[in-house]
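Protein chains: 2
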Amino acid sequence: MSKPSLPKGTRDFGPADMAKRNYIFGTIKTVFEKYGFMPLETPAMESLQTLTGKYGEEGDQLIFKLLNNGDFLAKSDKEAIALGDSKKASFSLSKKALRYDLTVPFARFVVMNRSDIAMPFKRYQIQPVWRGDRPGKGRYQEFYQCDADVVGSASLLNEADLVRIFDEVLTSLKLEGVVIKLNNRKILSGLAQWIGKEDDLTNLTVSIDKFDKVGVEGVEKELTIRGFTELEIDKVKRFLSVTGSIEDKLNWISENLDSSEAKKGVEEIREIIGKVNITGLQAAALELDLTLARGLNYYTGAIFEVIVKESGMGSVCGGGRYDDLTGVFGWQGVSGVGISFGAERIMDIMNERELFPLDTAVTTQLMFVNFGAEEENYCVKLAAELRNQGIKTEVYPESTKMKKQMSYANAKNIPYVLLIGSQEMKSGELTLKNLDSGEQTKVKKESLFSLFS
Amino acid sequence: MSKPSLPKGTRDFGPADMAKRNYIFGTIKTVFEKYGFMPLETPAMESLQTLTGKYGEEGDQLIFKLLNNGDFLAKSDKEAIALGDSKKASFSLSKKALRYDLTVPFARFVVMNRSDIAMPFKRYQIQPVWRGDRPGKGRYQEFYQCDADVVGSASLLNEADLVRIFDEVLTSLKLEGVVIKLNNRKILSGLAQWIGKEDDLTNLTVSIDKFDKVGVEGVEKELTIRGFTELEIDKVKRFLSVTGSIEDKLNWISENLDSSEAKKGVEEIREIIGKVNITGLQAAALELDLTLARGLNYYTGAIFEVIVKESGMGSVCGGGRYDDLTGVFGWQGVSGVGISFGAERIMDIMNERELFPLDTAVTTQLMFVNFGAEEENYCVKLAAELRNQGIKTEVYPESTKMKKQMSYANAKNIPYVLLIGSQEMKSGELTLKNLDSGEQTKVKKESLFSLFS
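These protein sequence lines map, in sequence, to chains U and F. Okay, so the first sequence: first residue is 1 according to this note's numbering, each after it adds one. Okay, so the second sequence: first residue is 1 according to this note's numbering, each after it adds one.
Note that these hints are calculated values from the structure, not bench results. Keep in mind the model is a prediction, meaning the values are calculated, not measured. It is possible that some hints are incorrect.
List of simulated lysine-lysine pairs, BS3-like, C-alpha gap at most 25 Å [claimed, not checked]:
hint : chain 1 : residue 1 : chain 2 : residue 2
1    : F       : LYS75     : F       : LYS87
2    : U       : LYS3      : F       : LYS29
3    : F       : LYS221    : U       : LYS75
One side only, chain F facing chain U, incomplete, derived with CB under 7 Å [unchecked claim]:
hint : residue
4    : ASP12
5    : MET45
6    : LEU48
7    : ASN69
8    : PHE72
9    : LEU157
10   : ASN158
11   : ALA373
12   : ASN377
13   : VAL380
14   : LYS412
15   : ASN413
Built from N, CA and C at the ideal position, the CB exists for glycine as well.
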C-alpha cells in the first residue's frame, strides 16, 4: 500500500485555510450582491465542444478532458491512435471536460436561457476552474475564480460600478496601496490606425501587454519579431512614454491620434471617470494606464487591471468590456462588461501582511470538560441549551485525562472550557476557564448565555 | 455552430435555485458548527490510485477519469489498446480522477495530516461529487454531499450528537414526518452467528438491505440465490418480523441471539438512545429498525438512515460507525462515525411542500429608475450611501422607457423602486413605489436608511 498523496498543483483546505477563504469569498459576495449581482453556478463538466476553440491553441491544450466511461476504446478513432496522434485521438476518447474559466460557461448559460433572462443580466460566480498548467509557486491546477458580469447593457455606469466594486472589496479587506488601472481598447485601435497597422491590432496589443514585465526595450523587440518597422515602433514608443495627469494623457491622445476610434476611447474614459467621481473611491487610486492592453482578444472597450503596490505580485483583479460574448454560441451582439478577482493572490498578500482578523476562524466557543458519566449528562443538557441560543459548543466525548482534553481544546483554539464536577452540579456555580489567560472564574449557568451570545 | 448544451446529468443553478441551495447548505453548516465540526475542502481531482478499489467493482466503473494531458498516447499501454481492453488501457491513459464521494478524500486527508490533527477530529465537508451513473429522475452525474465525521473517538456520545444534528437540521428546515432509523451492525453480526453464517455477513447484510424495497419475499429470494438454506432463511424471517417498542425488540434480541456480538449491539443501542434522551429530540422520531442494514461494507457499529414520511422518497440521510476508515491508506484502527445529508432529495421534498421561506431569494432591495443624466448622478450618489448601510441597491443603467425598467425590476423580484425626477431632486421628497401593491408614497431621503436596513 503506497502512501496517499495529492495530485500536483492541488491543495486541501483545512479549517484554518477555509476560514480565510470564506472570509475573502464572503466579502466579495456581499459587495457583488449590494450592487445587484445575483449568484450563478454551472457544472464542473462541460461538453468538450463547448470549451474547445475558445482559449487559443495554448489554452486548448491545458483543458482537462474526461475519459469516456465504459468501453471507450470501442468508439475510438483507431487510425489516430495507431498514428500516435494524441490530439486527434482525444476527441474520440473524450466528450466532456472540466471548465477552464467561468466566462465560457456563463456565455453558454446566457444563450441557453435567453428567453428567461431579464436584461441587463447581472450575475456573479465564485467557483473553481481547472487548468493543466505546470504547477509552480502561486500556480495551481485547481483554483477559484470570482467573476461578476453585466450583459445586455452598453451603459458606462456599469463600468463605473465595477470600479466601485474593486474599491469596496479591497478596502473592506484592508489592503493598502491598491491602484485600479484603466485603459480602453479603442485607444489601442486608434494607435494601430495611427501607425497604419489597423489590421494588426492583435500583434500590437499582445506586444504592449508585456510592457510591465519587459519595459520599452522588450516591447520593441516583440514588435520587431512581429514584423513592425522602425518607424512604426518609434510611434509606439512615443505613445508608451506619454506621462502626466489623466487629463495630460487624454489631451496627448486627442492631439496626436486623429481617429474616430481613439476619440471614442477618450470620450469613454472621461465618462467612466466622471461617473466614478460622483461618489469617489474609498481607498483605491484610479489611474489611466495607456500601456495596459490585457491579452484577451475579446475585449473591445474599457479594460481594467488592479495592482497592490509593494506586494511583489502582478495584477490581483482584471476585466473589461466585450462586444460579443455569446456570438460563438450563435447569439450575436450581446455586449457586456465583467471583472474577476484573483482570490488566491489576494489571499497570499493578506497572509503576508497579516490582514486576516483573528476571529475569522470558525471554532467552538466553549468546551465542556468531561469528568464522568453523571457530569457528562449534566453537560450534554446544558450544551443543548447553549446551542439553542446559537452558541457553538461541544462536550468532550470521553472522560479521559484532563491533560488530553485540554490539549484538544488548545489545538482547536477553543477560548473557554467549563469545568463541572459533582460540587459544581450541586451548587450551580460553574468553573469557567479562559484558556488564553489561564484565569478561572465562577459563573452561574444563567449568565453563560449572555457571556457567549 | 451548434446550439450549446449541458452534459447529461448536470445542471446550472440560476439565482433562484442558488438561493434555495444556499438556504439548505447554510442550515446544515450552521448546525454542524454548533456541534464543533470544522470545515474541510479537498480538490475535485484525486490520484486515480487513491480512488480505485474503494467502491467495489460497480463503483470503480462509475469513477470519472481524466485523460492525461499532452501526448498521452506516447506512454499508453499499446497492447491493451490493441486488444480493445478499455479497463486495462484506462490506467495508462489516466492518472487522475474526480472524487466519487467525500469519505475517501477525507480518509486520505487524515492520513496525510496525522501529525497535525488533534484527535478526536471533527470535520464537515460540503462539496460536489461526480459519478458516471445513467442520469435519471433525481439522479445526477454531479451532485453535492454534506458530510460530518468524528474520527479518533469511540464514545457513543458522538452517535447521540449526530442524531441530534439530524433532528436539528431537519426541524430547522420545517420538514414534518422525519424518522431517524437506528440499528447496529453488531446485531446483524449476531444474527449471522445465530444462523451459523458468520462467515457470510456481507451476503446477509446486502440481502437484508433490500428489505424496504422488496419486502420479506424479496429478501427470501435474495438469500436463496446467495445459497442460504431454508432453515437459515426461516431464522432471518423470524428476525425481520420482530415488532413492538424499542424495548420489545431489544428484549427479543437478547433472548434469542445468544452471542457476545449481539449483546454488545443491544448495549450500544441502549446507550445511544439513553444519551439522546438526555435532551430529547425537537421534531424527529427515533426508531429502532432491525431491518436496516446499509449496504456499505465498512460499517461496524451503529448505523443510521433518515426518512421523511409521505415524501415518496427513499432515505434523505444516512451514516454509521466504522472501525477502520484509514486502514486502506496504511493507518490501522482509526475508529470514527459519520453522517451524510442528501441535499438534493431534501431540496425536492421542500420544493414539493413549498417549505422555502419567501425571503430566501437574494435580490436587490431597492432599484432607482433612471430618468436621465442629471437624475442618474443624484441616484448614484444616494445609492452609494444606501450601500454603505448594507442595503442592496442598483441604479438602472440607462434612461430607457419606464416600461422596460419596470419589467426588469419585476423579473428580478425587486420589491421597491424609487422614482426621482427633477422635482424630487429639488424637494428631497422622493417617490417610493411598492411593486407588489403598486402603492406610491413620498419619503424623505433620510428615512430610506431606516426603511431598508
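Now the hints, each set against the structure:
1. F:LYS75 / F:LYS87: This hinted pair holds, its Cα atoms lying about 16 Å apart.
2. U:LYS3 / F:LYS29: violated (31 Å)
3. F:LYS221 / U:LYS75: Status violated; Cα separation ~39 Å.
4. ASP12: holds (5 Å)
5. MET45: holds (5 Å)
6. LEU48: violated (9 Å)
7. ASN69: Cβ of ASN69 of chain F sits 4 Å from chain U, so the hint holds.
8. PHE72: Interface hint status for PHE72 of chain F: holds (5 Å vs cutoff 7 Å).
9. LEU157: Cβ of LEU157 of chain F sits 4 Å from chain U, so the hint holds.
10. ASN158: holds (6 Å)
11. ALA373: This hint is violated: ALA373 of chain F lies away from chain U, its Cβ roughly 10 Å from the closest one there, beyond 7 Å.
12. ASN377: Because about 5 Å separates ASN377 of chain F from the closest Cβ in chain U, which is inside the 7 Å limit, the hint holds.
13. VAL380: Hint on VAL380 of chain F: holds, closest Cβ of chain U at ~5 Å, below 7 Å.
14. LYS412: holds (6 Å)
15. ASN413: Where the cut-off is 7 Å and the nearest Cβ of chain U is about 10 Å from ASN413 of chain F, the hint is violated.
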